[in-house]
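Novice: Below are the chains, spelled out letter by letter.
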Amino acid sequence: MSRNTKLKQLAAACALGAATSLAAVQANAGELSLLTWVSYADESFTADWQEATGCELKPTLVGSNDEIIAKIAAGDRYDLVSPSVDTTTILWKLGKIAPIDTGKLEHFQNLYENLQNNPGITLEDGTVIAQPNAWGSIPMMYRTDKVDEELDSIAVIFDEKYAGRISLWDDKSNIYPVARYLFGTDVNVFDLSDEQLAEVQQKLIEQKKLLRTYWSQAGDHINLAANGEIWISNTWGGYQVAELQAKGIPMVEYLPKELADGWMDGWQITTDAQDMECVYQWLNFAASPEGQCGMSLFSGFSAASPLVESCMSEEEFTGRHQHQPEYIDSLVLWREPARPAKMIEVWNAVKAAE
Amino acid sequence: MSRRLRTALDFFAVFSLPALWWGGIVLGSLGVMASMSFWTQEFPTFRPDFQFGNYEELLTNNQYVVVIARSVRIALMSCLFSFLIGFPLVYFIVFKVESRAVKLLLYMGMLIPLWVSYVLRSYTWKTILGTEGVLNSALLWLGIVDEPVMFFLYNQYAMVITIGYICMPLMMLPIYSSLDKIPRSLIEASRDLGANSFHTFLNVTLRLAIPGIIAGWTLAFCLAVGDFVSPILVGGPSANMIANVVLTQYGMALNWPLGAAITVVLLVIFVILLSASNQAERVGKVNIE
Amino acid sequence: MALVSTMTGVSVPGARSILPERRKKPTSATTSFVMILACCSLVFLYLPLIVLMVFSFNTNDLTVFPLTGFTFSWYEKAFQNAFMMEALFNSIVVAFAAVIIANAVGIPTAFALMRWDFPGKVALQRIVLMPISLPALTLGICLLNYFTFWGVSLGLHTIMIGHGTLMSSIVVANLFARLTYFDRRIEEASADLGATPLETFWYVTLPNIRTTLIGSCMIILIVSFDELALTYFINGNTNTLPMYIWSMMRQGITPEINAIGSCVIFASMLIVGVSIYILSRKPEIR
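Chains as they are written, first to last, in the numbering used here: chain A, 1 to 354; chain W, 1 to 289; chain P, 1 to 286.
Keep in mind that the hints were calculated from the coordinates and are not lab data.
Everything numeric in this text was worked out from a predicted model, so none of it was measured.
Some hints here could point you the wrong way.
Claimed, not checked - Simulated crosslink set (PhoX-like; lysine-lysine; CA at most 25 Å straight-line):
#	chain 1	residue 1	chain 2	residue 2
1	P	77	A	58
2	A	93	A	342
3	P	77	A	247
Stated by the list, open to error - A few chain A residues that face chain P, going by a derived Cβ cut-off under 7 Å, partial list only:
#	residue
4	30
5	31
6	33
7	60
8	76
9	77
10	217
11	219
12	223
Claimed, not checked - Partial selection, computed: residues in chain A whose CB lies under 8 Å from chain W:
#	residue
13	64
14	66
15	73
16	161
17	164
18	213
19	214
20	228
21	229
22	284
23	341
24	344
25	354
A virtual CB, placed ideally from N, CA and C, is assigned to each residue, including glycine.
Isolated chain A (complex conformation) (with noise of 0.2 Å):
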């Protein structure tokens, strides 16, 4: 090989390299990166979409809404989020979320209205920020072929009896049933005192030595429950423990008695979304009757609309309480903290403790 062609080489691979690196850069029509859960965009239900509108979705996985948050404070660039309602207004507050324009929106008039009324959804102002996707319980779940007892109370956790044998999620969100078991459940999760904060917080690392360890994603968290490492944990009500039950695990949901936490998600675009065209086609396709029971009946989720009776059995439907939105109203549900810098500083000195 003479020296020229291999100069020649050398600069072609640099002009794949630069010409590879700009490609990247400039983001692909027709694609939507979505940073999400794991249940909100899975293949199996919007396959078909994609491949009739041509928008390609490019899911990227969290465990917590804080990974949410921090991933797009760092600046990484996604086109729609799906945080929860405790999370929406911090990142509209951090300036990286588009008002959604709801005269492109065909679904949202036909979603529960508490839920499209929901301080997370729509601000005092009347501006809708993010669009409701689903919603439920932060329950309790326990192996009965491992448990002898019947469960209804989140002191479980701080039972000695299953030493080794609990999990908890790794998010902030743990200090709230903690507290409404240490002060009662009038107390406001939201809004505690730093003299309750380290309570809480004291509780829970005197909890560390019943703990085997921390749950992040739910397929880990599966997996964790199918290979007999844990037997009592709080869950995602509906998803983990559906699929448990599909591999032969009898594992169950409770509500302890200290009352649960409910949760509900919704699609935000962000700033930097690019082609919304399909932006908007994804949030129309994702509150449809199709897309809504796509994702509940993969999820366990309860949808937020209450079309999803036409895909639904009558036990589906009612299980997830599809037939009476006010449920919601009977978990604790979340909103964004008083101080969240302050319960994630204090979910992190109970996670660095010995």
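Assemble the complex: chain A is given as a structure, and chains W and P must be docked to it using the hints.
Specialist: Showing chains W and P alone in chain A's frame:
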């Protein structure tokens, strides 16, 4: 053109791109990070500032002290673990293997795991040590235990094994080169002078290997103390190491200034450690020529 | 310096120890004791890799003994995964970009440090070797701050810059080790015969450091291909293969990881084998 000027011109021609890179990117990013460590967090953002609050937080808040102590402890234990496992192998290859081919083969065998995916090496230990993992199921299957052993995984011992495993090649390489440099004649001389093999090992071999041992411990320690993968995969609830805390500050805690402060402290510690170790290596070196 | 070159240098066992021993010693009790210990170490070193490979062919989707049957399905599944293939492609692009950047930056740096005296030389030497002597995480954080400071959005290009920086250090460290025993008289001879400095570099210097450069390129390919701690901070929403594997681990997708992991291990071993072969094949002295 004067010779001096020409040399200077040559220098700039050769060095302008690298200068831009090292100055513009490496130095620049160090500077930005150092200055950000004085900023103030205002969740969910932060604003430019000049205050020492982040450093104060680091020194006074017990959670950071606990994590730093744990990181150092686990890193040292991991180093000890990989030293104890690695040293016999290195010693064997250098002194006991006669054939050149076998020696080369073993040398490569000890080197290759260094280049095998870092994450995967950590991850396999999770599958090995689990309650229904490879080790437990093998023990059950062979009838050695009746119940799965739980304490293999999700504790600090699991981390020591995993991190120690990851560090092994880095521990072994410098020790290998220092053992390899020891002239056989010295060892034989020691024997001829009546020292038994244990004394020879202690007073000659080990003594001459000190620079390599120091280098190995330093390399392994730097890798171990900066690990964030093993704590997440095998460490269980009380596993956070310093790198995990940095990760959290840049992640969900959204406190980049504090994260920057921790990194600055880490950098300073590393630089001191590396120069100290270089110094120690030089002092520990015995002139054998 | 010694630290860094041991870390990056794929050297072969020193010539001295390879010379045949004068007399064959009988196997003593200590020798067999050391041998047993050494075997245990080797088993420990390779057990995890073997476990990973064995279970990548096992039909059970839990990594549990006894083995249930032989299958290629995890490999099929892994290679049908479009996101994984995209991540793989990204990793390849990044690795080659890193090779180009690292050589463009690293070779002149090594020569400048070796051949010229200038103010701040010692400081520069420290800076240049910092990226490899410190945990990659610190470089990642520095760069994340820096890119955010300038408003650079994160993606493939930032990963390339990050890897390029890390790998430049590797090139410098390796070249440094080589240049310390480089015979400059051959360059002087070339200049005396009327060659321009560029011609001298291209026809005389470069061929003499070629093996070192090939070695560094191999190391760069492997390191870049496996890099996680640095990439973690500067990848934006672009995945490289290790980042994708990491996200799969977080999601608990086990058997597919075993399959991809086995491929990665195999590829790394292949490259290491080839590079050791190339480096040990012929001495560089002409």
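Novice: Now tell me, hint by hint, if it's right for this structure.
Specialist: Going down the list of hints, with the structure as the test:
| no. | hint | verdict |
| --- | --- | --- |
| 1 | 77/P / 58/A | 18 Å, holds |
| 2 | 93/A / 342/A | 17 Å, holds |
| 3 | 77/P / 247/A | 20 Å, holds |
| 4 | 30 | 15 Å, violated |
| 5 | 31 | 11 Å, violated |
| 6 | 33 | 5 Å, holds |
| 7 | 60 | 5 Å, holds |
| 8 | 76 | 5 Å, holds |
| 9 | 77 | 6 Å, holds |
| 10 | 217 | 5 Å, holds |
| 11 | 219 | 4 Å, holds |
| 12 | 223 | 4 Å, holds |
| 13 | 64 | 7 Å, holds |
| 14 | 66 | 3 Å, holds |
| 15 | 73 | 6 Å, holds |
| 16 | 161 | 15 Å, violated |
| 17 | 164 | 6 Å, holds |
| 18 | 213 | 5 Å, holds |
| 19 | 214 | 6 Å, holds |
| 20 | 228 | 5 Å, holds |
| 21 | 229 | 5 Å, holds |
| 22 | 284 | 30 Å, violated |
| 23 | 341 | 4 Å, holds |
| 24 | 344 | 5 Å, holds |
| 25 | 354 | 6 Å, holds |
Violated hints, in rising order: 4, 5, 16 and 22; the structure is consistent with all others.
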